[in-house]
Amino acid sequence: MQISPDLLFTIAGFPITNTVVTTLITDVILITLVLIVGKSVALKPGKVQNIIETISDYFRETTESIAGERASFIYPWVLSFFLFIVISNLVAQIPGFESIRFHTSSSGHHGVALFRAATSDLNLTLALAVTSVLATHCLSVKHTGIKSYITRFLTFKMFPIFLFVGILEFVNELAKFISFSFRLFGNIFAGEKVMATMYSLCPFGLPLPFIGLELMVALIQAIVFAMLTMAFMHIMTDKSH
Amino acid sequence: MEIIQKFGLETKLFLFQLINFLIIVFILKKFLFKPLKRMLDERKRKIEQSLQDAENAKAALENAGEERKKILADAKVGADKLMASVKASADETKEKTLVEAKSHSQQIIEEAKNKASAEFENMNKQIGKMSVDVSSKILSKVLSELFTEEEKQKLMSRALERIDEKITN
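The listed protein sequences correspond, in order, to chains A and B.
Read left to right, the first sequence gives residues 117 to 357 (the working numbering).
Read left to right, the second sequence gives residues 1333 to 1501 (the working numbering).
A portion of the hints provided could be inaccurate.
Heads up, simulated PhoX-like pairs for lysine-lysine below, C-alpha to C-alpha not over 20 Å straight-line [as the list claims (entries may be wrong)]:
#, chain 1, residue 1, chain 2, residue 2
1, A, Lys155, B, Lys1366
2, A, Lys309, B, Lys1457
3, A, Lys155, B, Lys1362
4, B, Lys1445, B, Lys1457
5, B, Lys1338, A, Lys160
6, A, Lys258, B, Lys1361
If you're looking for bench data, these hints aren't it; they were derived computationally from the structure.
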């Protein structure tokens, strides 16, 4: 079973894989959304603006209810993660998405899939995890101060209990990279494989409930990633923690 | 290392995805969330303003109602006062007119009485005069046959004096 994305071609030594193509499609969709809503943002919202406003309001209110005033700098990150992940997940749910083939020199008779869910590439999910964790730490330094930030991991108060707790915290932060990236990657990759299996077993009717399931997974994983980022940002920017 | 290869982890792809996502975050923040937040704040401000205006209008309406009630009450009090004064004045005028009419009629009656008594006196005098004349004529006719001219004159003058006395009394 191949886990890594398929290489389509290279541009000046840079490998273009099918997940990179899907990432670019996600970018185009997001930028189009920004152009449609951002340019014509009005007091009386249109249909697209209404949808974006509803999502934005939901995340802002949820962040405000948890982080209070700090929601102003936390929720843009949360919303960015959600929009990027949900769009890249949903794009991959379009029927026949993976059936468009691309012939490469190394591919066989059937070629390789031109598109593949961007979040089924560990490079992307790891990049998202690194962004989330680094942004959280940057915000922590900015809003709690460098001294408070360091004492989270290194303190000699009540030696050696808090020193041990600090080491645990540090390990916890490292584990976040793995948990964030593999959770999203695993769910979407597994979904893809389940769908492929269902289509190969019986292409008529059988995949239908799984399409519903995958749509739910696509949405839930995006929410989980965004909410966890919000929770960690709230914890790390809270001075009392 | 084998695991990394198996999962297809590659520095170039990882950096591409990282930078790509950061650019997307930047674009979203600058061109979507900022204008959206500005607009939401503006909408919030407008809604608050509208609610405040509605509240003010309601208060103004209530005040206008109070004012109306007050004006009506004042007008009613004024009208009542005016009505009372008009009634009092009408009563006074009626009273005055009645008194005047009474006195006037009294005066007319008095005048009529005086006129009647004067007329009666005048009549009396005329009757007296006439009766003196008739008596003198009767007496002169009767006496001319019984007395001499001198006696007649004395009797007549005495009789006439008596008549005059009676009349004057």
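Keeping to a limit of 20 Å between CA atoms, is the pair of Lys1445/B and Lys1457/B held or broken? holds (18 Å)
Are the Cα positions of Lys258/A and Lys1361/B separated by 20 Å at most? holds (18 Å)
Please verify whether Lys309/A and Lys1457/B have alpha carbons no more than 20 Å apart. violated (159 Å)
Below or equal to 20 Å on CA atoms is what counts here, so check Lys155/A against Lys1362/B. holds (12 Å)
Would you check the hint for Lys155/A and Lys1366/B, treating anything up to 20 Å between C-alpha atoms as holding? holds (11 Å)
Would the pair Lys1338/B and Lys160/A pass a check requiring their Cα atoms to be no farther apart than 20 Å? Given pair Lys1338/B, Lys160/A is violated - Cα atoms ~51 Å apart, limit 20 Å.
In summary, the structure is inconsistent with hints 2, 5 from the numbered list given earlier, while agreeing with the others.
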